[in-house]
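Asker: Spelled out from the first residue to the last, the chains are:
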Amino acid sequence: MLGYYAQLALRSFRRNPGLTALMVLAIALGIAVCIMTLTVYHAMSGNPIWWKNERLYAVTMDNWDPNQPYDVNNKSRPPQMTYKDTAYLFNSSIPERKEVSFTTAGVLSGGPAVTPHRIATRVTTSDFFAMFDVPFLYGSGWSAAADRPAQPLIVLSRAENEKTFGGANSVGRTLRWNDHEFRVVGVLNDWFPLPRFYDLENGPFSPSEAAFIPFGWAAEMELPVDGNTDCWRPEKVDTYKDMLASDCIWLQMWVELPDRASRERMQAFMDGYWAEQRKAGRFERPRDNRLTNVGDWLKDQKVVDSDNRVLVGLAFAFLAVCLINTVGLLLAKFLNGAPITGVRRALGASRRQVFLQHLVEVGTVCLAGSLLGLGLAAFGLRALQHMYSAARFGRPGGYQELMHLDTAALVWALLLALLATLAAGLYPAWRVGRLAPARYLKSQ
Amino acid sequence: MNLNVRPVLTALLRNRTGAILVAMQIAIALAVLVNALYITTQRIERMRRPTGIDVDNIFVMYSGGFTAHFNIASTLQQDLDYLRALDGVVSATAINAIPLSNGGSATNITTTPKAQGQDNYNYFDIDEHGLEALGVQLVAGRNFRHDEIQPPLGKADASRFVDQVILSRAAAVHLFGHDNPLGKPVYDSLGQVATVIGIVDPVLGSWPANDHPDDVFFEPRLSARAGVGSYYVVRTQPGRRDAVMRVAEEHLSHANPDRVITFNRTLAAFRDLTYLGDRTMSIYLLTVTCCLIAVTCFGIFALATFNVSTRTKQIGTRRAVGARRADIIQYFLIENGLTTSAGILVGCALALGAGYWLSLEYALPRLNLYYLVGGVLALWGIGQLAAWQPARRAAAVSPAVATRTV
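Those sequence lines, one after another, are chains A and B. Under my numbering, read the first sequence as residues 153 to 596, first letter to last. Under my numbering, read the second sequence as residues 573 to 978, first letter to last.
It should be emphasised that the hints constitute simulated quantities derived from the structure, not laboratory data. The C-beta atom is built at its ideal place from N, Cα and C for all residues, glycine as well. It cannot be assumed that every hint is accurate.
[Said to hold, decoys possible] A few chain B residues that don't get close to chain A, going by computed Cβ distances all over 10 Å:
id : residue
1  : Leu-609
2  : Gly-636
3  : Gln-709
[To be verified] Partial chain A-side listing against chain B, Cβ under 10 Å, derived:
id : residue
4  : Ile-201
5  : Ser-261
6  : Glu-372
7  : Glu-374
8  : Cys-474
9  : Leu-499
Generate coordinates for the entire structure from the input sequences, incorporating the hints supplied.
Answerer: Quick look at the structure:
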């Protein structure tokens, strides 16, 4: 029976090819725009380490100016930490794992294959890799003993290892980082968390760093921060030591707390430290010490920007117009074909059959529209990806990372096609099924 | 002209569905059109703001030393001497950050010592060639002199201030109101003092998307941070940028084995990247809005055409009993006008609602009502235009149709 309905639908399309094309195109455009914005939105609002969402917490303490909040417009708390506060909190044994880090840049040289080049490098503590489930291709991270005094150990990203050692297992080999000799202890497998939750300062879609070195090197080599350094207190910051002792914020700190009890203990530990410091004259703002899980952290830091929320709204408004348009056209078309339907009804087709027949016709239009829409969306995303990639000189880390047509997009396309069929076709098909046949058998 | 609205309205109310659907489309189209245009105009205004900088003839290089032998002061001098002597170069300077690139430094300055400054001013460390290298115009006072240029900040004096500053006009107004700022002191947060010696205008700093992107000042200092390196801003004669860029990079990357040239890019590329979001957003908004209007327009057209073809017999009858062609055209245009008006009424409410949401989302002023008026007129026009052709087809129906069956 369905085959027969499909045949009828085809015949009906042939009667009004222009109108059919218009409907298919409208649905395709509506769905394409929706898929494009939803793909980007989905990638942007994702939580790249959702399985540890209730274990990983960003540590923040409001150490800001008593006269004004960190962010005057949004009244938000400082997103980074001072050196002295992380140094104290890091001594706590409450967290199962803990991490303090920042991003810097160093010149890599002395490898077999390459000329000296500058690479983004994360200066971090030993738990970083285990905490964030960072995958290793060869070797592993370093032990806590290597953090301080800092040992000359380095972990390379897979891409950097390919560039410097041709992709070979380089564990145990040496190279020079900022003209100091470092020994490779591990090589990461591909790792590109989107957004880069552990440090959002240089753009939420930046790739993870090309190399990782123990935290002790920060003070040892006086490594500058390649992210943001924010200061508020009028204090002399002349030397690196001054910087470490200052109220400037420039560090990211994360802790892994397995359960509620440990979270409460950690919170109490922070509050205790806060109270003690307050007595000594620091922390003059109202108490705001927080442990924020990854999902909330990404929300607080506004990873999804306004433009994207607006575009999702626009996409659905557009889809709505396309669907309403289709409803109108289908209705007109079906009612125009009422005399034929009247004959079919008179010859014994039930209301249900007439309804189904028209629904098959609508479904075909919507399916064709969705397929075309999927194609258009793939093309559109490709174009945008090229545009962003070109503007960033081919460097990764921009919006282009979010513009891959993925399985989520396919699911969206399918859902939207179904939604379109139901929204656009149900009413016209039902309406035409309810027509009294007798009226249409008479002459106009 | 006698407009017969009543019978049209009665007929419409008897057969509501099609009209309601068209009205809904018009309503959404209006809300989207008005708000999309509003956002787009703001983006375009932002992108069009004068930068004050000769963006198209400037390129930027980054030089970073990495060995113990690296002497930053001598390298800086050699590099700048080489660049300034290069054929086709107008001027060059070392600078601490790239204007229009979304990266830079800002600090508090005030007009009274030890005052709690609330506002940050974006600053650039340049030498006496700096203004010329950027192409920024001095409108009052004087430029830095060679002997005023401070040595680079070292590892032990990173909070040292300068003795003179040049302000942007915006920063001058922000700090001094309408007083003449020349010769007046400004203080950094530690109470160190500098004298204002010049005013430039216009100029945009590092962050064009900021509330006050033109709150900028210049410090007379060779820019080089230990372990970080220096940016060189090089301005060339018009049309020679790309050639000079290649020559300069070729030379500098081999001139000194203790450093690397990390990048060499045009300032235009940095500017374009900074504005990329605004640009794609504008293009995307306009494209989708155009598609939306087109779909609506075709929808109205197709529906009107269908209405005409189902009503052929009625139209013939009307013609046969004396209606003129103009009456028939009028009928369809009035019908369209009524539907559009209903849509526009709902659309105005939708547009204002969406505008309110957007003003919260972007912290922008509420939707300008001129846009709404413009949008209403535009959609009215589009509606009438879309109905015009079907209406004419209707008018062409011969009165003889009334006498035939089927």
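Asker: Now look at each hint and say whether the structure bears it out.
Answerer: Going down the list of hints, with the structure as the test:
1. Leu-609: Nearest chain A Cβ is 12 Å from Leu-609 (chain B), so the label holds.
2. Gly-636: Given a closest Cβ separation of 6 Å, the condition is violated.
3. Gln-709: holds, 29 Å
4. Ile-201: Where the cut-off is 10 Å and the nearest Cβ of chain B is about 27 Å from Ile-201 (chain A), the hint is violated.
5. Ser-261: holds, 7 Å
6. Glu-372: Violated: closest Cβ of chain B sits about 12 Å from Glu-372 (chain A), beyond 10 Å.
7. Glu-374: With Cβ-Cβ at 7 Å, under 10 Å, it holds.
8. Cys-474: OK, holds: Cys-474 (chain A) within 10 Å of chain B, min 6 Å.
9. Leu-499: This interface hint is violated because 19 Å lies over the 10 Å limit.
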